[in-house]
Amino acid sequence: MSPEEEKESPEKEFAGNTSLHGLNRIVIAPSGYFRVLWVLAILSSYSGFAYMFSTMIIDYFSYNTITDTKLEFDDEVIFPAVTVCNMNKFDEGKLKIIDFVYLSMFLYAVQLDVDTIIAGGAIPDETVNSTTEGMNVEDLLLQKGFDIHWNRMPLCIWKGVHCTERNFTHSFGHYGNCYTFNADADNPLKQSMQGSSQGFMAFIDLKVDEYTETYTASGNAEVGLKLLVHDPREPPMMDTQGIALAPGNHALVSVKQILYENHVPPWGVCDDRQLEYYDTYTLNGCYLECRSKHVVSNCSCRPYNLPGTAPTCDPTTMFTCVNDVLDQVIRGELKCDCPVPCSMTSYSTSVSYAGWPNRHTRTYLAPYWGMDADYITANGVVFSVFYEKLNYQKITELKAMDGGQLASNIGGMMGLFIGASLLTLLEVWEYLWQRLKGFLGKHRRPTVIDVKTQPHDIERGIVFHK
Numbered sequence: 001m002s003p004e005e006e007k008e009s010p011e012k013e014f015a016g017n018t019s020l021h022g023l024n025r026i027v028i029a030p031s032g033y034f035r036v037l038w039v040l041a042i043l044s045s046y047s048g049f050a051y052m053f054s055t056m057i058i059d060y061f062s063y064n065t066i067t068d069t070k071l072e073f074d075d076e077v078i079f080p081a082v083t084v085c086n087m088n089k090f091d092e093g094k095l096k097i098i099d100f101v102y103l104s105m106f107l108y109a110v111q112l113d114v115d116t117i118i119a120g121g122a123i124p125d126e127t128v129n130s131t132t133e134g135m136n137v138e139d140l141l142l143q144k145g146f147d148i149h150w151n152r153m154p155l156c157i158w159k160g161v162h163c164t165e166r167n168f169t170h171s172f173g174h175y176g177n178c179y180t181f182n183a184d185a186d187n188p189l190k191q192s193m194q195g196s197s198q199g200f201m202a203f204i205d206l207k208v209d210e211y212t213e214t215y216t217a218s219g220n221a222e223v224g225l226k227l228l229v230h231d232p233r234e235p236p237m238m239d240t241q242g243i244a245l246a247p248g249n250h251a252l253v254s255v256k257q258i259l260y261e262n263h264v265p266p267w268g269v270c271d272d273r274q275l276e277y278y279d280t281y282t283l284n285g286c287y288l289e290c291r292s293k294h295v296v297s298n299c300s301c302r303p304y305n306l307p308g309t310a311p312t313c314d315p316t317t318m319f320t321c322v323n324d325v326l327d328q329v330i331r332g333e334l335k336c337d338c339p340v341p342c343s344m345t346s347y348s349t350s351v352s353y354a355g356w357p358n359r360h361t362r363t364y365l366a367p368y369w370g371m372d373a374d375y376i377t378a379n380g381v382v383f384s385v386f387y388e389k390l391n392y393q394k395i396t397e398l399k400a401m402d403g404g405q406l407a408s409n410i411g412g413m414m415g416l417f418i419g420a421s422l423l424t425l426l427e428v429w430e431y432l433w434q435r436l437k438g439f440l441g442k443h444r445r446p447t448v449i450d451v452k453t454q455p456h457d458i459e460r461g462i463v464f465h466k
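According to the numbering used here, the sequence shown is numbered sequentially starting from 1.
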């Protein structure tokens, strides 16, 4: 390249005037040694930038997340729902023999023959003409299952005030009849002072001698109360969650609220789906609906404790079909697609126990409640649910790197390694555009023949121009 052409070179002009660090040093280097040195330094810097740029792009598209945990304090905290279930579905004293016949497969894994029993004269006169036709497990549970007995419930206190039936909501669960305190998610109760005296306290009569459960027929071998602290918007799953309380004890259940904010894909896996039988998407609601659909698909009926519109399963189908299907769901042979909700509230519990009642309390309460002193100890469960501190934990899933952070990191690396900015990119674009125009113009320019005028042509008056 001639000196005249080098002077007009766009490359030399770009290198000498660009704001990219180092390129102008190559042009004005005092010797070849320094020119080579600057070339090596620039190549190293550009290599470092290329490595950091690719690393940041890979990290961004890995969709990693970080967890932000905060402890928030408030003057009052929303109180959770408290669901209690006796570990006994039916009270023996309420069931007639015809009821036992109907429920026999469900309770004892043996089908009793009502005709044989009638022929043997074992059924009283008033039940001889009774049949199992038209009987329903749900109706029997409501009429002859566990009941809290509002009219003679001796102890139920919320913040020092006696509870009423309006504070409770009935539901069917794994253990039969269950009752939920503070189930109204639209108008929840709130605790404004910490401590057990400012929460929920109740006494439950288990009626231990009325138990009809047998372990051999998928029943319960335990005696006690199942208690679950949960979000009012979330249906309880008493078979897999909750704590067991034994009679003769006072359980002090300290509660801590935890709020989760999960991220949507691709950074997270949360998904708020529309459930068929529940207004709010929750894991429990999804699992219950999934179980119900599997049972209906395989047994053509619905268990009393699962949501749906299919007919309720009879006791024989519950034992021969439903239990087997639910076991398959538990083992994972029948799948449930239930992603994590994007927003969810859970409650951690810390339980301590004290014997209850002491001898003076037992002596005082027995005549007052109309119960025998020994009966209170053998059948009574007392529990208190409360906030130990008026705070809650908030756990939020965040993007490890969002679009703004990616742009900021790239800009920082550009400035550190090559001294570039967005305006520098405009300079590079301008140079490339000029080179493209020059290349296109070179191929489109008409051919010019350079003819030199000879002396004898000048004498003849002929002059050639370029």
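What the hints contain is simulated information worked out from the structure, not anything from laboratory work.
Since we're looking at a predicted model, the values are computed, not measured.
Possibly wrong hints are sitting among the right ones.
[As the list claims (entries may be wrong)] Straight-line alpha carbon distances no greater than 20 Å define the calculated EDC-like cross-link-like pairs of lysine to aspartate or glutamate that follow:
(1) K293 x D337
(2) K389 x E76
(3) K389 x D74
(4) K394 x D239
(5) K293 x E138
(6) K256 x E388
(7) K293 x D374
(8) K207 x D272
Now the hints, each set against the structure:
Simply put, K293 and D337 have alpha-carbon atoms about 12 Å apart, close enough for the 20 Å limit, and the pair holds. Of the pairs offered as hints, the one joining K389 and E76 holds, with about 10 Å between alpha carbons and a cut-off of 20 Å not exceeded. Between K389 and D74 the CA atoms are separated by roughly 10 Å; this keeps the pair inside 20 Å, and the hint holds. Restraint check: the Cα-Cα separation between K394 and D239 comes to about 28 Å, which exceeds 20 Å; the hinted pair is violated.
The straight-line distance between the Cα atoms of K293 and E138 is roughly 19 Å, inside the 20 Å bound, and the hint therefore holds. Restraint check for K256 and E388: satisfied, since their Cα atoms lie roughly 8 Å apart, inside the 20 Å limit. A threshold of 20 Å between alpha carbons decides the hint, and for K293 with D374 the separation of about 46 Å lies outside it, so the pair is violated. As the CA atoms of K207 and D272 are separated by approximately 42 Å, the hinted pair breaks the 20 Å bound.
Violated hints, in rising order: 4, 7, 8; the structure is consistent with all others.
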